[in-house]
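For what it's worth, UniProt numbering labels the leading residue of the sequence shown as 1, then goes sequentially.
To be clear, the hints were calculated from the coordinates, so they are not data collected in a lab.
Everything numeric in this text was worked out from a predicted model, so none of it was measured.
We put the CB at the ideal spot given by N, CA and C, even for glycine.
Don't take every hint at face value.
[To be verified] Here are the simulated distance ranges between beta carbons:
hint: 1; residue 1: G97; residue 2: A21; range: 39 to 49 Å
hint: 2; residue 1: N41; residue 2: P99; range: 15 to 25 Å
hint: 3; residue 1: W143; residue 2: D49; range: 16 to 26 Å
hint: 4; residue 1: S124; residue 2: S34; range: 18 to 28 Å
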Amino acid sequence: MTRLIAPLVALSLMTAESQGAGEIRVTPNGAQPSVNGAAQNFTGTVRVDGLFNGDAPARIGGGTVTFEPGARTAWHTHPLEQTLIVTAGVGYVQQEGGPRQQIRPGDTVWIPPHTRHWHGATASNGMSHIAIAEAEDGKTVTWAEQVSEAQYTGQ
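Given these sequences and hints, build the entire structure.
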């Protein structure tokens, strides 16, 4: 039995090594230019930095999104899910039909697939978060209309 197990373990380790072949990549901060948030998808001044996408078969991608005070996304959904990790400032996230929730540094927000929502800064504070989402058929987001001022202020 031992004679059979040892070669199988060795073979599985060699297979694991060959499947995991590749090199770690470090993208230095500032190596990519900042991208301004598109006016059709955002209200106010929004900047996206450090965009990344995994190599196939990975479907994950993301970046750091910085919202100036009062800036926010339009309503949108994601085909799989989205995770936000708040890194600075104070902001809001709201699911359609639900309450507007305040988010702060250290908070993690998980947004289920196909959940219509928006997120952004408060009127008086900017906010930054790392946004991570998986693509389905090459698409990570479906944008809808802008969040109205009444929706943004919770009135």
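Hints, one by one, checked against the model:
1. G97 with A21: 39 to 49 Å: 47 Å, holds
2. N41 with P99: 15 to 25 Å: At roughly 23 Å between Cβ atoms, P99 and N41 fall inside 15 to 25 Å, so the hint holds.
3. W143 with D49: 16 to 26 Å: 20 Å, holds
4. S124 with S34: 18 to 28 Å: 23 Å, holds
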